[in-house]
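Since the structure of chain H is already known, use the hints to place chain D on it.
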Amino acid sequence: MGVALYRVDDRLVHGQVVIGWGRPLGVRFIALVDPAVRASSWEQDLYRMAVPDGVEVFFADVAEAITLLPEWEADRRAGVVITGDLETMAALYTARPDLVNRINLGGIHHRADRTERLRYLYLAPEEEALLRRLDAAGAELSAQDLPTTPAVPLDEILP
Amino acid sequence: MTPRTAALIRLYGVQAAWTYERMAGIGVGHASAPLLRDLYAASAPAERRAAVARSAEFFNSHPYLAGIAVGAVVRAERDGVDPAQISRLRIALSGPLGAIGDQLIWAGQVPALMGLALAASPWAGAWVVGALLVAHNVARLLLTSWGLDLGLREGLGVGSALSRSWIAQRASDAQRVAAFGVGLATPIAAWQLLGDARPAAWAIVGAITLVGSVLALAPGTRSHVSGLRVGLGLLAVAGVVIGGMP
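Chains H and D, in that order, are what the protein sequence lines are.
When we follow this note's numbering, the leftmost residue of the first sequence carries the number -7, and every step to the right adds one.
When we follow this note's numbering, the leftmost residue of the second sequence carries the number -8, and every step to the right adds one.
Since the hints were derived computationally from the structure, they do not count as laboratory data.
Here the structure is a predicted model, which is why all the values come from computation and not from measurement.
Take the hints with a grain of salt, since some may be wrong.
Here are the simulated distance ranges between beta carbons [stated by the list, open to error]: (1) D:GLY230 with H:ARG20: 33 to 41 Å; (2) H:GLU132 with D:GLY148: 37 to 45 Å; (3) D:SER78 with H:ASN93: 28 to 36 Å; (4) H:GLU65 with D:SER78: 26 to 34 Å; (5) H:ARG125 with D:GLN76: 29 to 37 Å.
A few chain D positions that, by computed beta-carbon distances, are all more than 10 Å from chain H [to be verified]: (6) GLY71; (7) GLY89; (8) ILE91; (9) ASN128; (10) SER136; (11) GLY150; (12) GLN183; (13) ALA192; (14) LEU208; (15) ALA227.
Ideal placement from N, C-alpha and C gives every residue a C-beta, glycine not left out.
Chain H extracted, bound-state conformation:
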């Protein structure tokens, strides 16, 4: 099975991931790639509470994730890899473009320097530039908050 979804979502582990994607994909592990959470035991306590019994949660920083990506891909269970920002996902893609080839933009929310592109996707100019670079490098990028909503390809988000 391996990694069924590479998702960028600044809310990290929450209902859309656990229930919305987790149930239809049969997700049994979630890899949260976030250096701050990796270093924070109280945050890890909270995220563990957000997942139901039977779903394992891994916490990794970028370097650990790059090392562990082949292991996650070879896992017999279905899993989701989540990053809280585009930069982290871009680092994973840059290291292993053969594995991280389809990236789901699941939720990047309001910030003062960001512009609304979709109701759940707000992008700063440097984030838009990063998405264009990833696109040019061959990554398949689309926005989709839930499996029941249509995926929006990057060329519709940033025409």
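Just chain D now, kept in the frame of chain H:
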């Protein structure tokens, strides 16, 4: 009125200013304001305004548990925690509070009360609607009050406190009670609606209800059987069975 009471009242309207931009953030900021005003009473107005603005940033969780986040954030402000870490606390609380709240309230308490009220309706009449509303809102008040106090007491340690508290286990139990309530209500509601149906139909519905209740309560199956699944399944089967009876 004390700042805590004001915050408690404001938490009832935590979704009143819900937007895709900040979701429940503005409601959380509004609920936090009385506590922050009290906390920053001796500080410069700019400091207080900055704290209120921080508390109104993007936030999303179950509305009935938002008090936990309000309390934890205010306590973290009181403890002088770095603002960036407070923002991370808000984000980290969103997922678990949403997941626990969905299980405890939407998949637990609400269908449980609806099912039990429906089951009692032939004998209690219209009064059961009032009792349902009172029970639901009293439970919400107690839950919100408990959550606000937990957050105010624990601050950054609220995650560990939550995992030690009753709430995670009760969220699971609430779904089993919901399964029982809906299973109980289904044949009674069917009896009310189709009082002249053949006895065989009632026997079938009773058997289905019994099986559903056992599945929802037995240790081996209860983790797979939510109140919603049992309720919808029983409704569908009962509808087919009764609808197919001549």
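*Hint by hint, which ones does this structure get wrong, listed from lowest number up?*
Of the numbered hints, 7, 8 and 11 do not hold.
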